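Engineer: Sequences listed follow chains A and B, in order.
If you're matching positions, the first sequence starts at 1 in our numbering and goes up one per residue.
If you're matching positions, the second sequence starts at 209 in our numbering and goes up one per residue.
One should not assume that every hint holds.
Derived, one-sided and incomplete: chain A residues facing chain B with beta-carbon distance under 7 angstroms [as the list claims (entries may be wrong)]:
1) PRO93
2) TYR184
3) PRO187
4) ASN191
No lab work stands behind these hints, which were simulated from the structure alone.
Since this is a predicted model, take the numbers as computed values, not measurements.
Ideal placement from N, C-alpha and C gives every residue a C-beta, glycine not left out.
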Amino acid sequence: MGLTPRPEPNVVSYDPKGGEGWVTTRLDFLVNWGRANSLWPMPFGTACCAIEFMATAAAQFDLARFGMERMSFSPRQADVLICAGRVPFKLAPVLRRIWQQMPQPKWAISMGACASTGGMFDNYAVVQGIDTIIPVDVYVPGCPPRPEGLIYGIMMLQEKVKRERAADPSIRHEMEPDPTSQLYIPPSAINELSEPFGNAVHQTRSGL
Amino acid sequence: MSPSSSFAPVIPGSGLPAGSPAATTPKQIPHRGGPVNPTVDALREKFGAAIQRVDVVWGETSVVVERSRVAEIVRWLHDDPGQSYVYLSDVTAVEFRDVEQPLEVVWHLRSLAFRRFIRLKALLPKGTPLEVPSVYPIFKSADWMERECYDMFGVKFVGHPDLRRLLMWEGYKEGFPLRKDFPLRGRFSRAEQLRQALAANPEARYSKEELSIADAFEDLPQDMRARLRSGEKTGE
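Build the full structure now, drawing on both the sequences and the hints.
Structural biologist: What follows is the structure, given as structure tokens:
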């Protein structure tokens, strides 16, 4: 056969005249660089924030610049859940199920005042912040946030992804809800987050 | 009229005598008083003491009727060729802040042929069971409206075939949210509300079999059944 023999796999040859390029890097850096720039979003749009999300994804603001051009409407092929809009209690098990169906590694963005805190809907029907249902990485404030706001949140998430280390197992802990109550944080914490203005003062800044 | 009979369009104003003036947008309507819907006289003649009070507010006629005879009255309004109220646009309820005042159940009926609107009200005094007859056998559109009214106010529509909650999930234990004694944030703590919401399994209730239209085949109109029989795709 006229093919060149395959190189010996365990021997690294260096041939500057061959013109092959070389880069040395940390594996963490390479993996995180790849992940941060190909976050496939799972849009969970329930209200007007979803309209603003669509505007962000459309040509004017162009989420494809951040490697997010593929909206993944199947949670099993998604990396980042973007919850845009208020979540009523009736939708809480649905959101929880979608989050559990997403494979690791996965992140969540809570877009807008209602998803983050319940917003002005401090009533009997609306969940006071989706972080009582699923763990959230980035909160985007606004009612609704402008596309620039959402893009800033996405860039914060990219910064967070780029700082992850494969050696740290805690970042990939799957949420394990209490089997009887299905809550993943203590009830007292949920009550504290859900009191008026609770989530606005208690939530932690993520990423930067 | 059975659901499988052929579709007969209703022409607005077709019941009015020939040469009637064309419909115009009314102007300068008084808050109280003004012309009463002529249906009221026919109702008084037919049902007598069951018609308790008549108000004309902003040009619309509200009739307070006896709660036990609502279905009978709506049936007559729908079937009588001189009335033909064929469109039920709303079923809802009103509760007032004054605890003495009875809860009102409201039906909005429209007669397309005669261009008339009538609002029926039934008073449900506090302390009595909140029950009124269902108009589902007359108007299929009453199905979800009565379910919503039951969900929000706890009014029981006697005769409704499937009276369960519509907006809140099944097994919602906190009561009826639009009642005046219901606190805005609900009765339970947020953690308890979330626990109960997450315990609901949405997939347990709605199966693929339940969402299939196979069972409803006999209820479809004749032409649609013929099209399905000939193998026409339903757009899935």
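Engineer: Work down the list of hints and note, for each, if the structure agrees.
Structural biologist: Okay, the hints, checked on the actual structure:
1. PRO93: Where the cut-off is 7 angstroms and the nearest Cβ of chain B is about 5 angstroms from PRO93/A, the hint holds.
2. TYR184: violated (10 angstroms)
3. PRO187: holds (3 angstroms)
4. ASN191: holds (5 angstroms)
The structure shown violates just one earlier hint, number 2.
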